[in-house]
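> One letter stands for each residue in the lines below.
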Amino acid sequence: DGGITQSPKYLFRKEGQNVTLSCEQNLNHDAMYWYRQDPGQGLRLIYYSQIVNDFQKGDIAEGYSVSREKKESFPLTVTSAQKNPTAFYLCASSKTSGNVNEQFFGPGTRLTVL
Amino acid sequence: KNEVEQSPQNLTAQEGEFITINCSYSVGISALHWLQQHPGGGIVSLFMLSSGKKKHGRLIATINIQEKHSSLHITASHPRDSAVYICAATGNQFYFGTGTSLTVIP
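These protein sequence lines map, in sequence, to chains A and B. Mapping the first sequence onto this note's numbering, position 6 (from 1) lands on 6, and the numbers just tick up by one. Mapping the second sequence onto this note's numbering, position 8 (from 1) lands on 8, and the numbers just tick up by one.
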């Protein structure tokens, strides 16, 4: 079945540690996105990638890094520089970066910093 | 001010009731999306529309481009409809509303 997978579903991290969230898609989509969701707020864009080996900062990129070495994979690293990393992280993909294309979402990773 | 505003924020309904969730946007858009997020967190796309009306089962979505307004209707609501419903507008990027939390009581 085609879709987007994120792992792990729950992640706990000690303050000061970097952690990498996985996102894989087998939909052959060009564009991939990382969002952060906090209670009472809409999804906020962290990073997006329109094509392999290229990515752009979103609205809240500080304290995060990404890579796009393969079309299928877009991992997100939450670094120790991110001041409030505890949140729900959603990965999404779309066929192209065109603005009328539907985004497909992964199941999300809930990160808790202890 | 958010580019996309939803109302109400929270909604509780009795099973069988007709439900309406509203979405207003302030940016130029190419399409308007309605998303459903279940308690586990995963998001499913319900509708993508740029004009008129779409229907899928008990769900109906409408959009008025001139008024920059969209509504999501649920007919004969059921407890399994309990979820957060998110409106998203696509212009040169995706703009998300904060969501409407719906609880349908048996």
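Among the clues, some could well be false.
[To be verified] Partner residues aside, some chain B positions facing chain A, computed with beta carbon under 10 Å:
(1) Q9
(2) Q37
(3) G42
(4) I43
(5) I86
(6) T90
(7) F94
(8) T98
[As the list claims (entries may be wrong)] Below, computed lysine to aspartate or glutamate pairings styled on DMTMM-like, alpha-carbon distance capped at 25 Å:
(9) K70(A) to D30(A)
(10) K95(A) to E15(A)
(11) K53(B) to E102(A)
(12) K55(B) to E67(B)
(13) K9(A) to D59(A)
(14) K9(A) to E3(B)
(15) K68(B) to E102(A)
(16) K54(B) to E102(A)
(17) K68(B) to D59(A)
(18) K55(B) to E62(A)
(19) K57(A) to E15(A)
(20) K57(A) to E3(B)
(21) K54(B) to E17(B)
None of these hints come from the bench; they were simulated from the model. Glycine residues also receive a C-beta, built at the ideal position from the N, C-alpha and C atoms.
> Which of the listed hints are not met by the structure?
10, 14, 18
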